[in-house]
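**Q** So the chains spell out like this:
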Amino acid sequence: FSTEKGNLAQVRHVVLVLSGKGGVGKSTLTTELALALRQAGKKVGILDVDLCGPSIPRMLSVGRQEVHQCDAGWVPVYTDAHKSLALMSIGFLLENPDDAVIWRGPKKTALIGQFVSDVAWGELDYLLVDTPPGTSDEHLAVVESLRKHRVDGAILVTTPQAVSTGDVRREIAFCKKTGLRVLGIVENMSGFVCPHCSECTNIFSKGGGEELAKLTDSPFLGCVPLDPQLSSSLEEGRDFLQAFPDSATFGAINQIAHAVMTSIAERG
Amino acid sequence: MEDVPSGAPQHCPGTSSDQAGKSSACQGCPNQAICASGMTKAPDPAVEEIRQKMSTVKHKILVLSGKGGVGKSTFSAHLAHGLASDGSTEVALLDVDICGPSIPKIMGLEGEQVHQSGSGWSPVYVEDNLAVMSIGFLLSSPDDAVIWRGPKKNGMIKQFLRDVDWGDIDYLIVDTPPGTSDEHLSVVQYLSSTHIDGAIIITTPQEVSLQDVRKEISFCRKVKLPVIGVVENMSGFVCPKCKNKSQIFPPTTGGAEKMCQDFNIPLLGKVPLDPRIGKSCDEGKSFLTEVLDSPATAAYKSIIQRIQEYCSSHQPQD
Ligand SMILES: Nc1ncnc2c1ncn2[C@@H]1O[C@H](COP(=O)(O)OP(=O)(O)OP(=O)(O)O)[C@@H](O)[C@H]1O
Ligand SMILES: Nc1ncnc2c1ncn2[C@@H]1O[C@H](COP(=O)(O)OP(=O)(O)O)[C@@H](O)[C@H]1O
Ligand SMILES: [Mg+2]
Ligand SMILES: [Mg+2]
Chain H
1 FSTEKGNLAQ VRHVVLVLSG KGGVGKSTLT TELALALRQA GKKVGILDVD LCGPSIPRML
61 SVGRQEVHQC DAGWVPVYTD AHKSLALMSI GFLLENPDDA VIWRGPKKTA LIGQFVSDVA
121 WGELDYLLVD TPPGTSDEHL AVVESLRKHR VDGAILVTTP QAVSTGDVRR EIAFCKKTGL
181 RVLGIVENMS GFVCPHCSEC TNIFSKGGGE ELAKLTDSPF LGCVPLDPQL SSSLEEGRDF
241 LQAFPDSATF GAINQIAHAV MTSIAERG
Chain X
1001 MEDVPSGAPQ HCPGTSSDQA GKSSACQGCP NQAICASGMT KAPDPAVEEI RQKMSTVKHK
1061 ILVLSGKGGV GKSTFSAHLA HGLASDGSTE VALLDVDICG PSIPKIMGLE GEQVHQSGSG
1121 WSPVYVEDNL AVMSIGFLLS SPDDAVIWRG PKKNGMIKQF LRDVDWGDID YLIVDTPPGT
1181 SDEHLSVVQY LSSTHIDGAI IITTPQEVSL QDVRKEISFC RKVKLPVIGV VENMSGFVCP
1241 KCKNKSQIFP PTTGGAEKMC QDFNIPLLGK VPLDPRIGKS CDEGKSFLTE VLDSPATAAY
1301 KSIIQRIQEY CSSHQPQD
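Here the protein sequences come in this chain order: H and X. Under my numbering, read the first sequence as residues 1 to 268, first letter to last. Under my numbering, read the second sequence as residues 1001 to 1318, first letter to last.
Treat the hints as calculated values from the structure; they're not laboratory data. Glycine is no exception: its CB is placed at the ideal position from the N, C-alpha and C atoms. Possibly wrong hints are sitting among the right ones.
Listed next, the in silico EDC-like pairs over lysine to aspartate or glutamate satisfying Cα-Cα at most 16 Å (straight line) [what the hints assert, rightly or not]:
#1 LYS177/H x ASP1144/X
#2 LYS1241/X x GLU199/H
#3 LYS1245/X x GLU199/H
#4 LYS214/H x ASP1143/X
#5 LYS1258/X x ASP98/H
#6 LYS176/H x ASP1143/X
#7 LYS42/H x ASP80/H
Facing chain H, according to a computed beta carbon distance under 7 Å, are these residues of chain X, among others [what the hints assert, rightly or not]:
#8 GLY1066
#9 VAL1070
#10 ALA1145
#11 THR1180
#12 PHE1249
Taking the hints into account, I'd like the entire structure generated from these sequences.
**A** Here is the structure:
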């Protein structure tokens, strides 16, 4: 490729979404942030490096798509005709959606390297990178392949309970070791409001995310409630932000998206 | 060919063939250097050592899920507690989640350290008949991140299986991280010359989770690991105030039930969402003895019983 940065030359900001813990809502938050940034008029891309469990194609209902080649590499899949949201995921490269990707580290590292260098993103305001849980091959591979390009930082997702914040503490240590800036911590699935009687139950306890932010001296970006309308929307690949603009969850997600934009802008 | 990894280049000669790493098909394959080194050809002597070590372990159960955060560790811990509630049953719980070990916290063993004994590492005991091993016991602080690539994780798992002094054990339960990668391949390969009873697969009801769990079942089929059955966790929530049920993680594609029918595997049971489970885990206590009146307790107990029945009716002949 012509320039050092190649296919990422016109990508303004890169943000990783991380968590030491599984199932806390990394892909959910990646999806909703992308939709919120798009609503704010930005051009957004999502790179899904969860090779064993890619969720983004379903969450954006772009099920089974063929990835085309162009001179610069792979053309990402666009979710709409305006090409305002671009996506690349291993989900598009599998013959059968139930196929297991039974790969050891080196092979995963190689594919992620390709994803970073060979996808022709074109011009993007934000590239969000969705990751699998942990601090291992995939994470090291993304950070290393993005070295040449500037990464703005990482958003860490946790659920409130100690079993989860414990793992996210380790993820913060990973960020420190690899020189990734922590843009902030999001507490997801905090508090469930019963749709029948409005009683709030903290199914996964409460406050752990904010406590962790204090403990590790990281910014706290906000709480997203446990909301069945959000999980249903993701199941069907519907745009939650368009469907439920009056919900508390909408407000929470929007606020986080703006906090992220501000934090990145302040750094320049 | 047995030893052609999935996703290998076309015409891959197989990792243990004489041509491994050398044929033209190997050009550009990320594993070429490993294959060319000859490392993949020699059988690892640890497999035989582990076979000997495991000769005193009657039943081995893996707890798996393609999806994260669905409750694998929670279930593993409660399966261990449930089996060990019979004082004459010796139970061991091994945590091979190297980057996200939750077992020390859930078993109330945070801060414990492993001791070196004459014949290897001695596990940490919760009760006389309940032994636990996790990388968490080898870390010096809760902030320690284990930033390891595959080969180092595999080395650790080998040590856990070969060097831990378990003694005579009725059940060895192995808790795993999500996915189908190094840890899973390693456990199955290192235990390949022993008898594994099978895998318990954990899922939550929504499709986002099931789509990953189907991959895990494909994995089990590929490595010929029997599936004992599936547990649907976080299956509905009953509001403590108005008693109405909400599907927080909706089974939009028929939940675990439909998936089990499609794959023709047993559904062992459904465990509802109960905030007291999360609380017990955070406090390191057994939910089964902390909360006696929850439908979740009854569900756990019935699932554990079905697993016991499976194991005793599928004893290997010898
Ligand atoms: N039925 C349930 N009701 C309420 N909380 C639950 C239930 N099952 C599990 N939990 C809680 O959900 C959280 C996730 O569970 P757990 O850590 O066991 O998942 P895991 O599959 O092992 O995750 P990972 O993929 O990160 O290893 C824990 O805090 C646990 O206490
Ligand atoms: N705030 C929330 N309210 C309700 N459901 C949620 C929420 N956040 C995530 N979920 C659901 O939880 C499940 C796990 O989320 P996911 O984003 O796949 O986690 P991860 O990517 O961390 O493994 C998904 O089914 C998702 O729809
Ligand atoms: Mg995900
Ligand atoms: Mg776990």
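**Q** Let me make sure I understand: some of the numbered hints might not hold for this structure. Which ones are they, in numerical order?
**A** none
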